[in-house]
Amino acid sequence: MKTISEEYDPKTGKFEPITMTPEELADLREQVSKRFTKDGKDLGFLAMMSRLKLRSKLKSPPVV
Amino acid sequence: MYFDPWVPRLAGELAVILGRVLPTGVLVKNLPSSLVIFRREKVRAILDSDPVFYRPYGEDDLGAIERVCASGNNGELLGYGARNWFEPHGARVIIRNFDRVVSMFFVSNPADAEHFARERLSDLATYTGEKMRYAIEYAAP
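Here the protein sequences come in this chain order: P and A. Following the numbering used here, the numbering of the first sequence begins with 1 at its first residue and continues without gaps. Following the numbering used here, the numbering of the second sequence begins with 1 at its first residue and continues without gaps.
Note that these hints are calculated values from the structure, not bench results. Note that CB positions come from ideal geometry on N, CA and C, so glycine has one too. It cannot be assumed that every hint is accurate.
Claimed, not checked - Computed from the model, here is a short list of chain P residues facing chain A with C-beta under 7 Å:
hint, residue
1, D9
2, P17
3, L28
What the hints assert, rightly or not - No more than 16 Å apart at the CA atoms, straight line, and that leaves these computed lysine to aspartate or glutamate pairs for EDC-like:
hint, chain 1, residue 1, chain 2, residue 2
4, P, K2, A, D123
5, A, K131, P, E7
6, P, K11, A, D123
Stated by the list, open to error - DEER-style ranges, computed between Cβ atoms:
hint, chain 1, residue 1, chain 2, residue 2, range
7, P, A26, A, P88, 31 to 37 Å
8, P, D9, A, P141, 29 to 35 Å
9, A, V52, P, P22, 42 to 48 Å
10, A, V16, P, M1, 42 to 48 Å
11, P, M1, A, D60, 17 to 23 Å
12, A, D48, P, K2, 20 to 26 Å
13, P, K2, A, L62, 37 to 43 Å
14, A, P88, P, T37, 16 to 22 Å
15, P, T3, A, V7, 33 to 39 Å
If we strip away everything but chain A, and leave its shape as in the complex, we get:
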């Protein structure tokens, strides 16, 4: 899932533009002050993996997404391997471009950090066309 906080006017405009060009099955929604883009089947699998956490009041998919985005618990949906930055003993993943500028930072579960670091690194490098690097810092046990 893609998520970023845009002002409402821009989120609405981007949703309209992207909705015209994205492939079938990719949904674009503008939530209050943010934009989300996702494939329903991928997101639903995560939401359904823990309904008590993701759908405590029986929210539908978009309602559940909105709730975890607003509360800062959307890390699994974003492909980071952890729900938020406060996972005990979480591994810190930093991705940088070839100009040494940090492009992405997130926290992952230590057991999954390398997998998600590789996934996000290859996403960014593929779309920029340049070599990029990641560093994973594991907390002391």
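Chain P with its partners taken away, still in its complex shape:
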């Protein structure tokens, strides 16, 4: 399976290519498998909002 990764720094507005370790990718896959249902529901949405501190910062949410 081909994988690509990048990191974004909002202070500079730049994307940098990175290499995630197999352990990091495995951890991400495990989090996804525990949190998202097969039909696309995010069971951890409220927890994620809290952890990201979006509630206090979402004064002007991104809207397309």
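Knowing the structure of chain P, use the given hints to seat chain A on it.
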């Protein structure tokens, strides 16, 4: 478009609050058990790109949005680059914050995955103010 399933009471309250503060042209609607926020011209362009899929019974914009949200086919409207999680050979996009917590997961068309991963990554990082990362996993051909 923003979409999330809130209980009806909260969806209604949030719609009222957000309706007062969002810029002109951004619509807030509470559907049954969910809240959607969108710019009509952006959403309409997607809905009109495939009326057979999005408006099979001649639905108006909100009716079409409600139908694809209820059926789990709103991925294009959400800016994921694919309609749902069942796209053949779809690319899996995982975005995580700097504490290694997954912040977003979606499936995209392989040809567009990098574009949509960058768009959603920069959305989240800009509003949290922290560095974030994405990983795209492409299915084997």
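These are the hints, each one checked on the structure:
1. D9: 5 Å, holds
2. P17: 11 Å, violated
3. L28: 5 Å, holds
4. K2/P to D123/A: It is violated: about 25 Å lies between the C-alpha atoms, which goes past 16 Å.
5. K131/A to E7/P: 7 Å, holds
6. K11/P to D123/A: 13 Å, holds
7. A26/P to P88/A: 31 to 37 Å: 25 Å, violated
8. D9/P to P141/A: 29 to 35 Å: 33 Å, holds
9. V52/A to P22/P: 42 to 48 Å: 43 Å, holds
10. V16/A to M1/P: 42 to 48 Å: 46 Å, holds
11. M1/P to D60/A: 17 to 23 Å: 42 Å, violated
12. D48/A to K2/P: 20 to 26 Å: 34 Å, violated
13. K2/P to L62/A: 37 to 43 Å: 39 Å, holds
14. P88/A to T37/P: 16 to 22 Å: Taking Cβ atoms as reference, P88/A and T37/P lie about 20 Å apart, which means the hint holds.
15. T3/P to V7/A: 33 to 39 Å: Once the Cβ atoms are compared, 37 Å apart, the range 33 to 39 Å for V7/A and T3/P holds.
Hints 2, 4, 7, 11, 12 from the list above are not met by this structure, while the remaining hints are.
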